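Trainee: Now for the letters of each chain:
Protein chains: 2
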Amino acid sequence: MFNGWSRKVYLELSAPSEEDNRADSTRVLEAIGEREEFARASVRLGIAALRALDRVCRESEWKITATLGYDGDGWEILRVEPGDTTECHYGLCADLGSTTIVMEAVNMQDGSVAGSVSVFNPQIRCGEDILTRIFYAKDHPEHLEKLRLAAVEGLSQAMKELQRQTGICAEDCAALIISGNTTMIHFLLGLDAFCVFQTPYAVHTLAPEVYRASELGLSMRGFVWCCPGRANYLGGDIVSGMIATGIPEREGISVFLDIGTNGELVIGNRDFLVCGAGAAGPALEGGVVKTGMRAEEGAVDAVKITEGEIRVHTIGNARAKGICGSGIVELLAELFLNGWMDLRGKLIPGVSDAVFEEEDQVKVRYAPGLSFSEQDIQEFLKTKAAAGTMVEYMMNQIGITMEDVERFYVAGAFGTHISKEAGVTIGLYPDIQRERIVSPGNTSLNGARELLLDVGKKEYAERLVEKMEYIQFGAVEDFVHLMGAAMAFPHTDIERYPSVQEELKRRGRAL
Amino acid sequence: MFNGWSRKVYLELSAPSEEDNRADSTRVLEAIGEREEFARASVRLGIAALRALDRVCRESEWKITATLGYDGDGWEILRVEPGDTTECHYGLCADLGSTTIVMEAVNMQDGSVAGSVSVFNPQIRCGEDILTRIFYAKDHPEHLEKLRLAAVEGLSQAMKELQRQTGICAEDCAALIISGNTTMIHFLLGLDAFCVFQTPYAVHTLAPEVYRASELGLSMRGFVWCCPGRANYLGGDIVSGMIATGIPEREGISVFLDIGTNGELVIGNRDFLVCGAGAAGPALEGGVVKTGMRAEEGAVDAVKITEGEIRVHTIGNARAKGICGSGIVELLAELFLNGWMDLRGKLIPGVSDAVFEEEDQVKVRYAPGLSFSEQDIQEFLKTKAAAGTMVEYMMNQIGITMEDVERFYVAGAFGTHISKEAGVTIGLYPDIQRERIVSPGNTSLNGARELLLDVGKKEYAERLVEKMEYIQFGAVEDFVHLMGAAMAFPHTDIERYPSVQEELKRRGRAL
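Those protein sequences? They're chains A and B, same order as listed. Residues are numbered in this note's numbering as their position in the first sequence, beginning at 1, plus a constant of 10. Residues are numbered in this note's numbering as their position in the second sequence, beginning at 1, plus a constant of 10.
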């Protein structure tokens, strides 16, 4: 049994008699109060459960199962069913992303994932990226309402799809824990998110209350809680990631880097947590690159240069339609290691037929009809440098070096799909033992699941937020200086990348 | 300032700055947490207030008033307004009667009543009296839903009418406290009330939770709480009456009698409270009497016999259409004192032209075309005897006599309008000093108001219910015996009524 946000309790009640004619509600509440787990808790009987009580008790000869949800302070009986249904007990958790909403039905008895679905965020209708949506909603309450409804629609779609796949009635669940960045949570709550973007970055809320699902417009019995965030650009998705990775509990220092729309960074251990965020996102995911695309069918996701030829792998083994983040990283690593591109990101004309000039730009053809230009490379280099510089700058501030770092986490889909070796080669990752580089997957979702399974983690998350020291990178001169130095593959200071030097030497290509 | 269920707090917040960019929600919650009254309380920011916060704060340069409602455990900010609106602060209380719903808007600053309205309970459509409604709803969920909606409709009408009369927006109120009998509360919550009527009288609930008004279908921002009841026939209206009269706090013993649809009785003081209920109602209100009617225009409400003539007063000085409770009591007292009726309720033929025989029945004409028959008198006598016997039986059980009783309360409209003297003459009231007989008015409503003005009284009411010992009168042999003795005006044991004996002697009419 977990200490989860949803509880099911089987009760064998005595039927009313002349000697014991307590009211039904008293009978149920007293029986629950006798349970160890609710002995010191406040428990109330919700109106829907109260209305069903009569029928359910009589139907089952007073043997009933009560489902309780946690409202942040106490428990509410949300549902009563005839007989013992404690075996069938699920809760929901979700990662509310700007592109994708991932939702899981979690077995509240053993903590296992009973089903997982992923749907596109319908907010995309109102704007492909977050910034477009923020401007779309600004000063237009009706647009904001559209975004809110789209978030609700996305969550509802995910619930329906979960039910279709698993047979679990998501609407009957007593709890839904959501992780998302500050903007996504603002939209879900119906709050204008322009504050996220505008100085002094005082947002409307970073610590949403536990709401009744119905208050948010969700057709679900239970309660909804969104993991609290630390700042405008450091939202509940990252705090949730802390919970998922356990970084704040370990002695060893970790670096946690989440590359998505923005780059979000936390460095710390059980003694300290420093965090910050910066624009280090879209280009790495293929957003700014001309033939870049999402990791969908037909996207080049792996690249090798052998015998002077570029060979690619595509998702679904389909005809190449573009290149996604992991493909870009491998492409650049291969171009660099094979001497097709120098450390400044300049393509070397003549090294291969694949490198050619078109419209005053040098480009490399990585698949029939698809090429990657020096301008694309520069875009990528800039964001790679930004991400790397955030890490370096923050480590300097803390006064540690990469040697002090036990684990280097690269969260999200990006971290999951990029080859570690290629990541190091182009200087996106530091040159450390490869086992210290960890791809923890969707830590936003994983953290939400951990929160769902333990009500105690609500307070933990709230304390965690207070512990996190937020650094504004902004226009620090030092930052700009460091970033200039990082504008190379893997770095202008190649001494930091001994394993890349080694590989170049092996290939007979000393710098 | 009262410790009420609704609070208004004026806050002068600092605007966000680079140095202090706390989220708006944090800014508000921290400012409220600094107030003495909320220092140890749990306070949450409701979704509606959160959504309005941005606009309200900017509009008012961060000088806002927050309205908080009590949810039974903690506080929720339900509304924010620009500027200081603490002077305009109202809560609602209501007496949910089967015939009439009375609602008040209460000034939460000084406890005064800002407005009071009374509307007919629309449930009358589904049945004139409670028992008809109980059978109407039994096994017909759609009928039950109709009754529930009618209760909501009645409360909503009252809210609208209050607003029309006072300008106070009832929907903006943070709290509504309702007192009503167990059946009325069942219907409001959407619960079948057949249990109220059927052994073993285990009802669905006697202690409703604090609900969000919206959960009950009421269009109102705040929370609704119904005063808890003690038993099927001893509901929240009587518990509320205890709070209104202060009986459970005083050293002196009180008798509390509420005559409505049923007769409800509590005897006690700060050391004990014994209660019970019985069928002692409708006849006293004119329900069973042939020309009986409610206390409306045209109802005879006062009667005098002078110089051998019956003179009556009608409500609104209109043409007499029937007779209401207070009229009946005065009529019977006058008939008895003037020797037109004997102590067994037999009319004396020949004593006046007004006494006549018709269809084998002796009747008395009290107004043109309107008469009161011996059968009517017997009905009245039976219920008068039942009420008196409840009191006597319970006093015997406790081991006290009327001399031990400091105050004899007759609650409700009945007690308010009946002449004390006439009440004693016919033996409805005991023959004690008249100042010990108290008509406290609508104690159900008054108690609801006291609850509204003090959140601490919620727990007090809950403890009170536990303290009240409930007696089932039912088929106790002793009870039947005592009732036989009470079947006379004022009583078969005339020695109990020395002042009536005195009056008869004065009139030269020794028994």
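These are calculated hints, taken from the structure and not from any lab test. Be careful, since some hints might not be right.
Said to hold, decoys possible - Keeping only pairs whose Cα atoms sit at most 30 Å apart, straight-line, the calculated DSS-like set for lysine-lysine is:
1. B:477 / B:515
2. B:314 / B:300
3. A:430 / A:468
4. A:148 / B:356
5. B:300 / B:331
6. A:73 / B:73
Model, not experiment: these values are computed from the prediction.
Trainee: Give a verdict on every hint.
Mentor: Hint check results:
1. B:477 / B:515: Roughly 45 Å separates the two Cα atoms, so the pair is violated.
2. B:314 / B:300: 21 Å, holds
3. A:430 / A:468: Violated, because 34 Å separates the two Cα atoms, which is more than 30 Å.
4. A:148 / B:356: Not OK: residue 148 (chain A) and residue 356 (chain B) at ~85 Å, beyond 30 Å, violated.
5. B:300 / B:331: 12 Å, holds
6. A:73 / B:73: Not satisfied, since the Cα-Cα distance of roughly 55 Å exceeds 30 Å.
In summary, the numbered hints that this structure violates are 1, 3, 4 and 6.
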